Amino acid sequence: MLQLDDLRLRQGDFRLTANWTLAEGDRLALIGPSGAGKSTLLAAIAGFLRPDSGALRWNGADLTAEPPARRPVAMLFQDQNLFPHLSILRNVGLGIRPDLRLNAAQRAQALAALERVGLGGMAERLPGSLSGGQQSRAALARVLVQDRPLLLLDEPFSALGPALRAEMLDLVTALLDETGGTLIMVSHAPEDARRIGGLLSLVDEGHAAAPVPGGEAFANPSPGLRRYLG
Amino acid sequence: MAGRAAALAILTFLLVPLGAVFWRAGGGAMPDVHDWAAVRFTLWQAALSAVASTLLAVPVARAVARRRFPGRGALIALMGAPFILPVIVAVIGLIAVYGRGGLVNDLLGLACLPPPGDGRPRCLSVSIYGLHGVVLAHVFFNLPLAVRLILQGWLAIPAERFRLAAHLGAGPGDVQRLLEWPMLRATLPGVVLIVFAICLSSFAVALTLGGGPRATTVELAIYQAFTYDFDLARAAMLSLVQLLLVTGAGLLALRLGRTEGFGAGLDRRIDMLPPGGRALWLGDAAWMTVAALFLLLPLGAVAVRGLSGLAEMPPSVWGATGNSLAIALSATLLTVSVALALALARRGWVDLAGMAPLAASPLVLGTGLFLLINPVARPVDWALVVTLAVNVAMALPFVLRIVLPAAQEVERSYGRLADSLGMRGMARLRWLILPRMRRPLGFAAGLTAALSMGDLGVIALFSDPDKATLPLTVFRLMGAYRTEAAAGAALLLLVLSFGLFLIFDLGGRGAATR
Amino acid sequence: MLKHPTDSARRDKEDALRHLAIATGLLAATQAAADTPVLSVYTYDSFNTEWGPGPAVEQAFEETCGCDLQFVTAGDGASVLSRLRLEGARSEADVVLGLDTALIGAARESGLFAPVTVKADYALPIPWQDPEFVPFDWGYFAFVGLKDGPMPTSFVELAESDASVVIQDPRSSTPGLGLLMWVKQAYGDAAEDIWEELADNIVTVTPGWSEAYDLFLDGEADLVLSYTTSPAYHLIAEGDDSKIALPFEEGHYMQVEVAGMLKSSDQPELAQQFLQFMVTDAFQSVIPTTNWMYPAVEPDAGLPEGYMTLMEPAKPLLMSAEEAASVRDVALDEWRRALSQ
Numbered sequence: 000m001l002q003l004d005d006l007r008l009r010q011g012d013f014r015l016t017a018n019w020t021l022a023e024g025d026r027l028a029l030i031g032p033s034g035a036g037k038s039t040l041l042a043a044i045a046g047f048l049r050p051d052s053g054a055l056r057w058n059g060a061d062l063t064a065e066p067p068a069r070r071p072v073a074m075l076f077q078d079q080n081l082f083p084h085l086s087i088l089r090n091v092g093l094g095i096r097p098d099l100r101l102n103a104a105q106r107a108q109a110l111a112a113l114e115r116v117g118l119g120g121m122a123e124r125l126p127g128s129l130s131g132g133q134q135s136r137a138a139l140a141r142v143l144v145q146d147r148p149l150l151l152l153d154e155p156f157s158a159l160g161p162a163l164r165a166e167m168l169d170l171v172t173a174l175l176d177e178t179g180g181t182l183i184m185v186s187h188a189p190e191d192a193r194r195i196g197g198l199l200s201l202v203d204e205g206h207a208a209a210p211v212p213g214g215e216a217f218a219n220p221s222p223g224l225r226r227y228l229g
Numbered sequence: 000m001a002g003r004a005a006a007l008a009i010l011t012f013l014l015v016p017l018g019a020v021f022w023r024a025g026g027g028a029m030p031d032v033h034d035w036a037a038v039r040f041t042l043w044q045a046a047l048s049a050v051a052s053t054l055l056a057v058p059v060a061r062a063v064a065r066r067r068f069p070g071r072g073a074l075i076a077l078m079g080a081p082f083i084l085p086v087i088v089a090v091i092g093l094i095a096v097y098g099r100g101g102l103v104n105d106l107l108g109l110a111c112l113p114p115p116g117d118g119r120p121r122c123l124s125v126s127i128y129g130l131h132g133v134v135l136a137h138v139f140f141n142l143p144l145a146v147r148l149i150l151q152g153w154l155a156i157p158a159e160r161f162r163l164a165a166h167l168g169a170g171p172g173d174v175q176r177l178l179e180w181p182m183l184r185a186t187l188p189g190v191v192l193i194v195f196a197i198c199l200s201s202f203a204v205a206l207t208l209g210g211g212p213r214a215t216t217v218e219l220a221i222y223q224a225f226t227y228d229f230d231l232a233r234a235a236m237l238s239l240v241q242l243l244l245v246t247g248a249g250l251l252a253l254r255l256g257r258t259e260g261f262g263a264g265l266d267r268r269i270d271m272l273p274p275g276g277r278a279l280w281l282g283d284a285a286w287m288t289v290a291a292l293f294l295l296l297p298l299g300a301v302a303v304r305g306l307s308g309l310a311e312m313p314p315s316v317w318g319a320t321g322n323s324l325a326i327a328l329s330a331t332l333l334t335v336s337v338a339l340a341l342a343l344a345r346r347g348w349v350d351l352a353g354m355a356p357l358a359a360s361p362l363v364l365g366t367g368l369f370l371l372i373n374p375v376a377r378p379v380d381w382a383l384v385v386t387l388a389v390n391v392a393m394a395l396p397f398v399l400r401i402v403l404p405a406a407q408e409v410e411r412s413y414g415r416l417a418d419s420l421g422m423r424g425m426a427r428l429r430w431l432i433l434p435r436m437r438r439p440l441g442f443a444a445g446l447t448a449a450l451s452m453g454d455l456g457v458i459a460l461f462s463d464p465d466k467a468t469l470p471l472t473v474f475r476l477m478g479a480y481r482t483e484a485a486a487g488a489a490l491l492l493l494v495l496s497f498g499l500f501l502i503f504d505l506g507g508r509g510a511a512t513r
Numbered sequence: 000m001l002k003h004p005t006d007s008a009r010r011d012k013e014d015a016l017r018h019l020a021i022a023t024g025l026l027a028a029t030q031a032a033a034d035t036p037v038l039s040v041y042t043y044d045s046f047n048t049e050w051g052p053g054p055a056v057e058q059a060f061e062e063t064c065g066c067d068l069q070f071v072t073a074g075d076g077a078s079v080l081s082r083l084r085l086e087g088a089r090s091e092a093d094v095v096l097g098l099d100t101a102l103i104g105a106a107r108e109s110g111l112f113a114p115v116t117v118k119a120d121y122a123l124p125i126p127w128q129d130p131e132f133v134p135f136d137w138g139y140f141a142f143v144g145l146k147d148g149p150m151p152t153s154f155v156e157l158a159e160s161d162a163s164v165v166i167q168d169p170r171s172s173t174p175g176l177g178l179l180m181w182v183k184q185a186y187g188d189a190a191e192d193i194w195e196e197l198a199d200n201i202v203t204v205t206p207g208w209s210e211a212y213d214l215f216l217d218g219e220a221d222l223v224l225s226y227t228t229s230p231a232y233h234l235i236a237e238g239d240d241s242k243i244a245l246p247f248e249e250g251h252y253m254q255v256e257v258a259g260m261l262k263s264s265d266q267p268e269l270a271q272q273f274l275q276f277m278v279t280d281a282f283q284s285v286i287p288t289t290n291w292m293y294p295a296v297e298p299d300a301g302l303p304e305g306y307m308t309l310m311e312p313a314k315p316l317l318m319s320a321e322e323a324a325s326v327r328d329v330a331l332d333e334w335r336r337a338l339s340q
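Protein chains in written order, with numbering that gives the first Met the number 0: chain P, 0 to 229; chain V, 0 to 513; chain G, 0 to 340.
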């Protein structure tokens, strides 16, 4: 269970509060206008931003002071999710060992992950030689080997076309079905939120609302959500 | 943290020896009226040199930025050579072109007027000696640096802006006002100030070309105070004055402009639409030709002079070459490591610490180190360490300006990803920093190798008689009437310095690791 | 003496049977090296180059002294003295070789030097009596030019002519300082006027001799301040007789290069022995064609042939160290004022 315990974030003049919990296996979409603080909240959960006050817990353990790599979190950013100078295999391998000293089993694990996301046979390619969709798959393969219970997506697929984006989200949900992982993703597009078919949290006016089931929220939108959906 | 430790080490390395000189002298002595005259002249020539180098660099950088032609890369590389040239070699080259018996005056001599009454033909002639000669030489040294810094500014303007301007029908004048002028206003103060700082410690150039005691610099005053008057108190005080001047210039530069360095640059593809118009094209071509001739003719003169001397070189030249290469390569490894550590520390005052060595007087630094080491060990046993340390310190200001922005760029782009993957220490260095920074590191290494190769680098107090360097050998040959052999060794030095630079620079451009 | 035990060790390295013997030999050699007294001689940089006097001098002295002569170089003569003053009594130096008449005053004042007694029949144009410093070579400063170039015969004539000249800075070079003293001794209170007259003849003032001479050879000036012995180099080493030294009516200022022994030396006998060796033929005969100066004592075989053709000034000039010290600052101010206009 992820617990945002009266979390208060500040970045310059910007402020954001959140006070809710998320059960293991839940899938949450953070939606809201640009600049509302969706990415900021994600950054705080991932450990790139120290909260002003409040605490962040995972299954009761306080994460607030943990560095990013020590959190139960795998994250994909808007861009630069792969190191362009390293092969796909090495990029995935970094999720297993950051110093890339992989033994045979670990190497096989990385290759299997690539196979799983449909990139079998492309292990030695450099990211630059892959299409946008393939790059996203490679990044997801790394998420797989990282084997962290909490996945954070900061609009990593926003540069892809609608069909490809949908395909990626389907892949993500399929992977989560296999691992039972928890997902928090930032999105501009309500259809993305519908696609993962989980919870919804509106981030607006300095506050990240408590998650509510997506279907319900769309059927019966709050005033804030209505304003956002237009 | 390694970076802060390195910054502290640099400041310690500069300040403790100065302190030792003060301590030995029993305090400072106020500089006399002549010293203040030297301070004034030093400031004046440095200011003129900095402004001239920068202003001339603007049209050259613009021409290079917006034109494409075969051999452009080679031209840029060659044009950078004066900056890495040993002073003594460069002065020889400059005199061969602009001296009384030089190329320019020979050409002017062809256009002599017929003799008037006294039977001697009237000829136009130019003299390189005087303040203008000092400025000319400083422009020769620093124009390449200024061009590179400003070029970086041009390349930093996103191509989309030029496209937008073209789309809106903006002419060259509008582009200048809208895009180029704001960039220049942000870039030029930093360029002026770094060239200013470099020129503050001029010694041999100012004296040889200055034409007389008017052209007395602080560095000469320090030399005189130390060597001929043995007035340590005055030497230390003057050194302090010099340090304050450069630090002041550095602080101003940090305040006034963006001081992003001259980057690996030049490799970034920029789709800057060359403005149309024959006049502009001709203008750009003219600027590039003039700059190329100005910078390359003296180099050519060094080469021509040296060719016949190559056969005259005594065998000791080869030993000296080996020593110089060893020093240059070790200094390169050390400097790049220190610069990388500093760059990853990401702090403003770290940047300033890296600039401080520009201000150090090698003589006072050497004396201070000597005073510190002599009571506990034989200075000659420390010759290698001291030579290396001095070379590292002297190259650092330049290397840091290359490595710092590149490191910041890598951290900005990939820092979070690396953090989230737990890449720290050696893993981060090996799999992120080094491969991402190959180009700037290669460029920085090339620059350091060339600078250390050409540096007289040896502080006389520590010189090991059996370990002469190549520049020192050039100087010794000159001092023993062996001008031809000296010219040959100078050519060897030029080729090796530039060769090392190219090898590292090109090595950095090689294929990325997989 | 086995100078390089490691070399012989390397040669025999493959002969395993002899390992033990070699090892014993090495030990003995190291032992011998440790027992050999070391004479440390501080000198200027160019003295101990492969084309300078250093190597021949070292070999000749080591043949007779049963010692190890080690040269330690430190820039020019003035830098050598600075280094000694920095080191003070802790100095490893036994002998300092390469101070000149302009530095003797300061050297004496430092109190670092011990009295020496060396007997020699000096070939100097002036009588030499000094309790601490022994001359090893000398020369006259002179303007050097080309045979077919301008040949003024005095400072006044030079100033009136439009001949161009390169000189050295008295604040950073020995010849520069020599010229300053030359003009001062020849013209006294009128020295400043002479400098003012000379100002438009002076192309530039270089930090040292090398830069000035290089400029002259490059044709940057008609004349350069150097030594009367300079043409000998071109004549002997290059077979070139186009360079000449100009005789000046005022006479010519001298430079005498000297050596001295340090009070703090731990090898006083050896140092004394070296100074005596310095005025013998083995040392002196090397000087003319390596240091390109007149030897302080005429070599047994006489001077090399090229030296016979050299210009010999009628009137040698030289201030005593005390005199030079007392006028130096005034002369420097005059020089600076006159050339700064």
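Derived from the structure by calculation, the hints contain no laboratory data. No experiment lies behind these values; they were computed from the predicted model shown. Keep in mind that the hints are not guaranteed to be accurate.
No farther apart than 25 Å at their CA atoms in a straight line, the calculated lysine to any residue pairs in the SDA-like style are these [stated by the list, open to error]:
1. V/466 / G/320
2. G/262 / V/372
3. G/146 / V/23
4. G/262 / V/483
5. V/466 / G/162
6. V/466 / G/37
7. V/466 / G/150
8. V/466 / G/84
9. G/262 / V/228
10. V/466 / G/66
11. G/262 / V/230
12. V/466 / G/285
13. G/262 / V/375
14. V/466 / V/315
15. V/466 / G/91
16. G/262 / V/315
17. G/146 / V/483
Restraint ranges, calculated between C-beta atoms of paired labels, are given here [stated by the list, open to error]:
18. P/146 / V/163: 42 to 48 Å
19. V/424 / P/54: 27 to 33 Å
20. V/181 / P/114: 49 to 55 Å
21. G/262 / V/375: 52 to 58 Å
22. V/182 / G/239: 54 to 60 Å
23. G/313 / V/107: 38 to 44 Å
24. P/98 / V/303: 24 to 30 Å
25. V/384 / P/63: 44 to 50 Å
26. V/375 / P/146: 25 to 31 Å
27. V/182 / P/14: 34 to 40 Å
28. G/311 / V/103: 39 to 45 Å
29. V/103 / G/313: 20 to 26 Å
30. P/9 / V/182: 32 to 38 Å
Here chain V is said to cover these stretches of chain P; the calculated rule only asks that three of the stretch's residues, wherever they fall, bring their Cβ under 8 Å from a Cβ of chain V [claimed, not checked]:
31. 51-58
32. 191-202
33. 205-219
In this text, a Cβ means the ideal position worked out from N, Cα and C, and glycines have one as well.
Consistency of the hints with the structure:
no.	hint	in the structure
1	V/466 / G/320	35 Å, violated
2	G/262 / V/372	22 Å, holds
3	G/146 / V/23	52 Å, violated
4	G/262 / V/483	42 Å, violated
5	V/466 / G/162	42 Å, violated
6	V/466 / G/37	20 Å, holds
7	V/466 / G/150	43 Å, violated
8	V/466 / G/84	24 Å, holds
9	G/262 / V/228	22 Å, holds
10	V/466 / G/66	23 Å, holds
11	G/262 / V/230	23 Å, holds
12	V/466 / G/285	24 Å, holds
13	G/262 / V/375	21 Å, holds
14	V/466 / V/315	10 Å, holds
15	V/466 / G/91	20 Å, holds
16	G/262 / V/315	35 Å, violated
17	G/146 / V/483	21 Å, holds
18	P/146 / V/163: 42 to 48 Å	46 Å, holds
19	V/424 / P/54: 27 to 33 Å	29 Å, holds
20	V/181 / P/114: 49 to 55 Å	52 Å, holds
21	G/262 / V/375: 52 to 58 Å	23 Å, violated
22	V/182 / G/239: 54 to 60 Å	57 Å, holds
23	G/313 / V/107: 38 to 44 Å	42 Å, holds
24	P/98 / V/303: 24 to 30 Å	54 Å, violated
25	V/384 / P/63: 44 to 50 Å	47 Å, holds
26	V/375 / P/146: 25 to 31 Å	57 Å, violated
27	V/182 / P/14: 34 to 40 Å	35 Å, holds
28	G/311 / V/103: 39 to 45 Å	41 Å, holds
29	V/103 / G/313: 20 to 26 Å	42 Å, violated
30	P/9 / V/182: 32 to 38 Å	34 Å, holds
31	51-58	violated (count 0)
32	191-202	violated (count 0)
33	205-219	violated (count 0)
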